[in-house]
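Take the two lone chains and join them into the complex the hints point to.
Sequence lines, in order, name chains A and B.
Going by the working numbering, the first residue of the first sequence is number -10, and it counts up by one from there.
Going by the working numbering, the first residue of the second sequence is number 8, and it counts up by one from there.
Honestly, the hints are just simulated from the structure, not real lab data.
Only a predicted model underlies this, so the values are computations on that prediction, with no experimental measurement involved.
C-beta: ideal position from N, C-alpha, C; glycine also.
Be aware that a few hints might be false.
[Claimed, not checked] Listed next, with one range per pair, are the computed distances between beta-carbon atoms:
1. D123(A) / S39(B): 23 to 31 Å
2. R43(B) / G41(A): 27 to 35 Å
3. D(-6)(A) / G73(B): 29 to 37 Å
4. F45(A) / A67(B): 41 to 49 Å
5. D40(A) / G35(B): 49 to 57 Å
6. R141(A) / A22(B): 19 to 27 Å
7. S43(A) / A59(B): 16 to 24 Å
8. L29(B) / D40(A): 30 to 38 Å
9. A58(A) / R45(B): 16 to 24 Å
10. T139(A) / R45(B): 56 to 64 Å
11. V33(B) / S43(A): 49 to 57 Å
12. E145(A) / V55(B): 40 to 48 Å
13. R17(B) / R62(A): 26 to 34 Å
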Amino acid sequence: MSPDDLAAQLEQLHAAAFGWALSCCGWDRPAAEDVLQASYLKILDGRARFDGRSAFRTWVFGVIRRTAAEARRRAVLWRWLPLARLLLGPAGADGRPDPEAVLVQADEAARLVGALARLPDRQRAVLHLVFYEDLTIAEAAGVLGVALGTARTHYERGKMALRRMLEEKER
Amino acid sequence: MTRHSDDELRAQFQALRRDTELGAPVFGATMSGVPRQRRRAARARRRVAAIALGAATGVALLAVFGPHRRTTVLVDLAAARWEAPTDFLLRAPGAELLRTTPTFTLEGRLLP
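Chain B extracted, bound-state conformation (with noise of 0.2 Å):
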């Protein structure tokens, strides 16, 4: 048998609701206080009202006002060049004779 059986605990409770119930506020002062507490939930219900209202009119404002073309980068593709880093390896001597076309000259005439 435990020290605190069912009954034991049971009167140990009651004589906590002798004690809390000697230091409950009255009724009346209790429902004095729901005026105060009605005021500050609809203080509450207004201000998140009133915070929401303000994001949907910011939000409302950037969709008309806002910056409706979006910013493009325009690139010139004719003076773009790219090489990749390994293209020096077809750098071969005299290449340029197979890009160009060979002209013939004699005494500084070009020849037809």
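Bound-form chain A, shown alone (with noise of 0.2 Å):
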């Protein structure tokens, strides 16, 4: 795939490689934008390679979830060890869910932000891909390269424990 079709692929998935982004990065926006495009530099510096096993934007969501992995531990090693600001600049997403610096204003959606920021990484990002992404069970399962009955557990469980919590905050 030629870089200019690989840019109007991405063209056509950016809204949900972002809002993916910012799943990944516990909705911390410029954490998101950062990752986004680190994961957009793989991707056309060819570091990350489509090779057709799976749909292009189960690969393009998987960039993106390793991306902010790197970046979290980054961020740790960045907190944990000074001398790592120096070989590997400045930090990026911590990946931890901050209540206060979530995208959204809506009273429903801050509520739906703030229950999810609770979950489990797994369950929060099944849930996500799912809900959100309109993805199936399966192909969540190969965004996050776990096995199709793993994804289905976290899917249930963390299904269960949002409506709990949803319940709870309008009690």
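What follows is the structure, given as structure tokens:
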């Protein structure tokens, strides 16, 4: 795939990819933008190559997930090891949900983001991919690199926990 | 039936998606930051390479010009004397007679 084709495909996915990057970065917008740029850079420079084994969207989401995880690890390293700042540059996303820094203003959306922030990472990711990005559980498993059964378990447990939290917040 | 059915959850997520997409950066703006990211990544790689090179050079210099001889402490065994703390128990009166050759003298002269 030529760089122009890649850029065109990325442009089509851009809004969904931004939502996924936000979810991977705990709804921290600057971190999500950094992660998205770093992911695009990997794709355009050929450091991440699409081999056609999955849908393009699944693959791009996987690249974003791994890039966000790298940024989180770098942020942790940066926090504990001052020398790392010299080596790796400024810290990126630390992946911790910061309720003050959430993107959305609407009450209902803010409630949902707040509840999602309290879920374990895998459960939050599966629910986001299925309900927000309209992926199937199998596709979500592909993005997360886990078995279908594992993704289904995270999906069911995440749904139950999310419902419970949303109902608590409504009381 | 729970209050938040799957459809209701999906509707909430879709509302969140609409909100998010309204505030999403345009593709061109994101792509315009890619060269900056590329420069930043290249800078980080150069820094890591420079530090690795510096460390390797330091180790090499140390290997070439470092102290080769191991510092050894010479102990003069003849001068060394060690006594056990319980040696005094073996000291009996007249014990020196057992370790020396007796001499016999007559009127101040040593007898052969």
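Evaluation of the provided hints:
1. D123(A) / S39(B): 23 to 31 Å: 29 Å, holds
2. R43(B) / G41(A): 27 to 35 Å: Given a distance of about 30 Å, which is inside 27 to 35 Å, the answer is holds.
3. D(-6)(A) / G73(B): 29 to 37 Å: Cβ of D(-6)(A) to Cβ of G73(B): about 56 Å, so the range 29 to 37 Å is violated.
4. F45(A) / A67(B): 41 to 49 Å: For A67(B) against F45(A), whose Cβ atoms are near 48 Å apart, the range 41 to 49 Å holds.
5. D40(A) / G35(B): 49 to 57 Å: Distance hint for D40(A), G35(B) is violated at roughly 28 Å.
6. R141(A) / A22(B): 19 to 27 Å: About 25 Å separates the Cβ atoms of R141(A) and A22(B), which means 19 to 27 Å holds.
7. S43(A) / A59(B): 16 to 24 Å: 36 Å, violated
8. L29(B) / D40(A): 30 to 38 Å: Given range 30 to 38 Å: holds, Cβ gap about 34 Å.
9. A58(A) / R45(B): 16 to 24 Å: 21 Å, holds
10. T139(A) / R45(B): 56 to 64 Å: 36 Å, violated
11. V33(B) / S43(A): 49 to 57 Å: 27 Å, violated
12. E145(A) / V55(B): 40 to 48 Å: 43 Å, holds
13. R17(B) / R62(A): 26 to 34 Å: The hinted range 26 to 34 Å holds for R17(B) and R62(A), with Cβ atoms some 32 Å apart.
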